Structures are given as C-alpha cells and as structure tokens.
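Assemble chain B onto chain A, guided by the hints.
Those protein sequences? They're chains A and B, same order as listed. Numbering-wise, the first sequence is residues 1 to 188 according to full-length UniProt numbering. Numbering-wise, the second sequence is residues 1 to 134 according to full-length UniProt numbering.
If you are wondering where the hints come from, they were derived from the structure by calculation, not from laboratory data. Just so you know, not all the hints are guaranteed correct.
Below are the EDC-like pairs computed for lysine to aspartate or glutamate, each with C-alpha atoms no more than 20 Å apart in a straight line [as the list claims (entries may be wrong)]:
1) Lys3/A <-> Glu46/B
2) Lys68/B <-> Glu90/B
3) Lys68/A <-> Glu105/A
4) Lys89/B <-> Asp122/B
5) Lys12/B <-> Glu26/B
6) Lys68/B <-> Glu53/B
7) Lys77/A <-> Glu105/A
8) Lys68/B <-> Glu112/A
9) Lys3/A <-> Glu53/A
10) Lys71/B <-> Glu88/B
11) Lys3/A <-> Asp20/B
12) Lys47/A <-> Asp161/A
13) Lys155/A <-> Asp28/A
14) Lys3/A <-> Glu26/B
15) Lys71/B <-> Glu46/B
16) Lys3/A <-> Asp122/B
17) Lys3/A <-> Glu21/B
Since this is a predicted model, take the numbers as computed values, not measurements.
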Amino acid sequence: MVKLRARCLLLGDAAVGKSALCHMFHSDGTLFQKNYSMTTGVGLLMKCVNVPETNDSVELYIIDSAGKETLVEACEKMWGQPSLLCLVFDLTSEQSFASCSHWMERVHAHCEGLHVPGVLVGNKSDLSARREVQGSVAQEWAESQGLEYHETSAKEMENCDAPLLGLARAFHSLYQERRETIQNLSPG
Amino acid sequence: MIDSSLTSLGAKVVVATSSDENHPPENIIDGNTTTFWMSTGMFPQEFIICFAEPTMISAVTVDSFNVKHLKIEKNTSQNASNFAFVGEKELEHTDGHIQTNAVSLNGSSATHLRFIITSGYDHFVSVHRVSVQN
Numbered sequence: 001m002v003k004l005r006a007r008c009l010l011l012g013d014a015a016v017g018k019s020a021l022c023h024m025f026h027s028d029g030t031l032f033q034k035n036y037s038m039t040t041g042v043g044l045l046m047k048c049v050n051v052p053e054t055n056d057s058v059e060l061y062i063i064d065s066a067g068k069e070t071l072v073e074a075c076e077k078m079w080g081q082p083s084l085l086c087l088v089f090d091l092t093s094e095q096s097f098a099s100c101s102h103w104m105e106r107v108h109a110h111c112e113g114l115h116v117p118g119v120l121v122g123n124k125s126d127l128s129a130r131r132e133v134q135g136s137v138a139q140e141w142a143e144s145q146g147l148e149y150h151e152t153s154a155k156e157m158e159n160c161d162a163p164l165l166g167l168a169r170a171f172h173s174l175y176q177e178r179r180e181t182i183q184n185l186s187p188g
Numbered sequence: 001m002i003d004s005s006l007t008s009l010g011a012k013v014v015v016a017t018s019s020d021e022n023h024p025p026e027n028i029i030d031g032n033t034t035t036f037w038m039s040t041g042m043f044p045q046e047f048i049i050c051f052a053e054p055t056m057i058s059a060v061t062v063d064s065f066n067v068k069h070l071k072i073e074k075n076t077s078q079n080a081s082n083f084a085f086v087g088e089k090e091l092e093h094t095d096g097h098i099q100t101n102a103v104s105l106n107g108s109s110a111t112h113l114r115f116i117i118t119s120g121y122d123h124f125v126s127v128h129r130v131s132v133q134n
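The shape of chain A in the complex, shown without the other chains:
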C-alpha cells in the first residue's frame, strides 16, 4: 500500500466552475454551491482518492486559483511546483476554451522542465442548448497537450469524480514508472 501526495493546480478562466467542481470533489458529489462568489485568491482542498484496482491512494492537494486575469499574477506566487494539472473551461464559452492554451503556458513556467500530467475538464455539460465547444474538438486539443479529457456538470452532479480518478491514476502510473527506473539504476 502506498499513499502518494500531489499538488494539483485547478486553473481556467473566471466563472467556468472551478470552485463549484471543488465543492463537488469535497462533498463527494452532493453539494452544488448555488450562489456565485468569485474566488479572488487561492483555496486549498485536500482530497484523498483511491486508485482503482490497487490498494494505493493519492492525496490531492487541490489549489483552486482565481481565474480573473487581474488576479492571476498575485495567485501564481502560491502555485509552487505542481505535480498535476486540472484545467477547466466552460462548454458554453468558446473564449474560455481558447484561453486554455494561455493557461498551459503559464503552468509550464512553474514546472521546471518536469512533465506534469493532468486533465482537461469541459464543465456545464447540462447547458446543452448553449454549447459552443464540441467534445471532439476539446478531446483533440487535450490529446495534443497530453491531457485526459472529461465533461462534467457540477450543477447536475454528473461525472464529477471522473477528473479526480483520472488525476489519481495519472500520478500513480508516473510513480510506478519512476520506481521502475530507480530499481534499474546502476551504482554511483
């Protein structure tokens, strides 16, 4: 049994639903915050996720960082060195999807050359009539960035555990890969 620990950045434009997703993660999918209150700093949520089909788990230290452009710079100081990335956009806002590549650039500056696995989350899947981003387009972009794609609705509590499981699995397989490398090292 292993307990892994990962610092997970939760990023994306303002009002895409990062904090709402965070509430869903925290309450195991039972609590949707109805009133919008913009995150102006960073919030921290610790969530332990069991990796399916193993006895191992990953403690995710999720850093919910303000998406509003004018606040990002101040928040970046709190990001530290990330282990994982959860990038969120609003399926009803083409603009929030277009911003994702800017978020990727920002994150890379904090990774010190390390590969940081992650997920791309298209939120607000309940608003199907207002959808502006097609799943296939998002999927393709996610793959080009090495991210795993999920669609969620924090409001309808749909599929919200999928990104968490994806993150936990990705970090767990990275750990196993690195452990194998270390087992095969030659002496100094």
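Structure of chain B alone, referenced to chain A:
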C-alpha cells in the same frame, strides 16, 4: 567505518515523510545501495536517523537519485527536536546511475541527524544509502 551499515551499529530511522511499504526508510541505513527509500510526492521530504549513542561524525555520504538540494541538521538530545543546521549541498543531476555525495559535518557529535530534501530533479526522489565517516 564506512563498510558497516548504520543498522548494524544500532542506528534507526525514526521519522520519514513518505512511506511505500515495499521501499521502507530502513533501506536507507542497511548499507545496501540496491535497496532504497522513495519519496511519494511533493517537497520538502525528510528523514531522521537516530544513533544508539552520541557519535562523532566528520562527514556523511549519501547515495540517492534525483535529489537536487539536501540540507542536514543535527542534535545531541535524546529526543528528535531542537535541531541545528550543520551542512547543505546542491547535488548534480545524474542519468541512469546513483548520485553519491559527501557532506562535511566538521567532526561534531550527534545523536540525531535530520536530512531535508528541499527540492528534486523529478516528482519523486530516492535515497539508497547513508553512511557516516567518524
């Protein structure tokens, strides 16, 4: 003394911030570089070695992988508290083989040594052996 493992001298690892039951912290002091303790994510990481009795130490040698910055503290107390800084080192990155680094501790006496890994070259680091030069 470098040939005898710290375990055989009665030392113990009393604190470690990561645990993978297949790679326990005892592997650090068994004198064997094929066994290791591995960190399980995030920095800093640390472990504390407790000696059976106050021990004069001129230097320690650390065999590790992907450790970037290592800081060492010590005390002469029975408890693992009130540590004082004794040395630090920026380690070079190695590819495919273990990093071996000596850190001078100026021949001071210690009952506990605390190793703090403040950063790494990867998400995970390993420590294969700590040995002590008297």
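Outcome of the hint check:
1. As the CA atoms of Lys3/A and Glu46/B are separated by approximately 16 Å, the hinted pair is consistent with the 20 Å bound.
2. Between the alpha carbons of Lys68/B and Glu90/B the distance comes to roughly 6 Å, so the proposed pair stays at or under 20 Å and holds.
3. For the proposed pair Lys68/A and Glu105/A, the alpha carbon gap of about 16 Å is at most 20 Å, so the pair holds.
4. Straight-line distance between C-alpha atoms of Lys89/B and Asp122/B comes to about 17 Å, which keeps the hinted pair within the 20 Å bound.
5. At most 20 Å may separate the alpha-carbon atoms for a hinted pair to count; Lys12/B and Glu26/B meet this at roughly 7 Å.
6. Pair hint Lys68/B plus Glu53/B does not hold up; C-alpha atoms about 30 Å apart against a cutoff of 20 Å.
7. Distance check on the hinted pair: Lys77/A and Glu105/A sit about 15 Å apart at the alpha-carbon level, within 20 Å; holds.
8. Restraint check for Lys68/B and Glu112/A: satisfied, since their Cα atoms lie roughly 12 Å apart, inside the 20 Å limit.
9. Simply put, Lys3/A and Glu53/A have alpha-carbon atoms about 14 Å apart, close enough for the 20 Å limit, and the pair holds.
10. Straight-line distance between C-alpha atoms of Lys71/B and Glu88/B comes to about 4 Å, which keeps the hinted pair within the 20 Å bound.
11. Distance check on the hinted pair: Lys3/A and Asp20/B sit about 7 Å apart at the alpha-carbon level, within 20 Å; holds.
12. The straight-line distance between the Cα atoms of Lys47/A and Asp161/A is roughly 11 Å, inside the 20 Å bound, and the hint therefore holds.
13. For the given pair, Lys155/A sits about 13 Å from Asp28/A by alpha-carbon distance, which is consistent with the 20 Å threshold.
14. At roughly 18 Å between alpha-carbon atoms, Lys3/A and Glu26/B fall within 20 Å of each other, so this suggested pair holds.
15. Straight-line distance between C-alpha atoms of Lys71/B and Glu46/B comes to about 9 Å, which keeps the hinted pair within the 20 Å bound.
16. For the hint linking Lys3/A to Asp122/B, the alpha-carbon distance of about 18 Å falls within 20 Å, and the restraint holds.
17. Restraint check for Lys3/A and Glu21/B: satisfied, since their Cα atoms lie roughly 10 Å apart, inside the 20 Å limit.
Consistency with the previously given hints fails for number 6 only.
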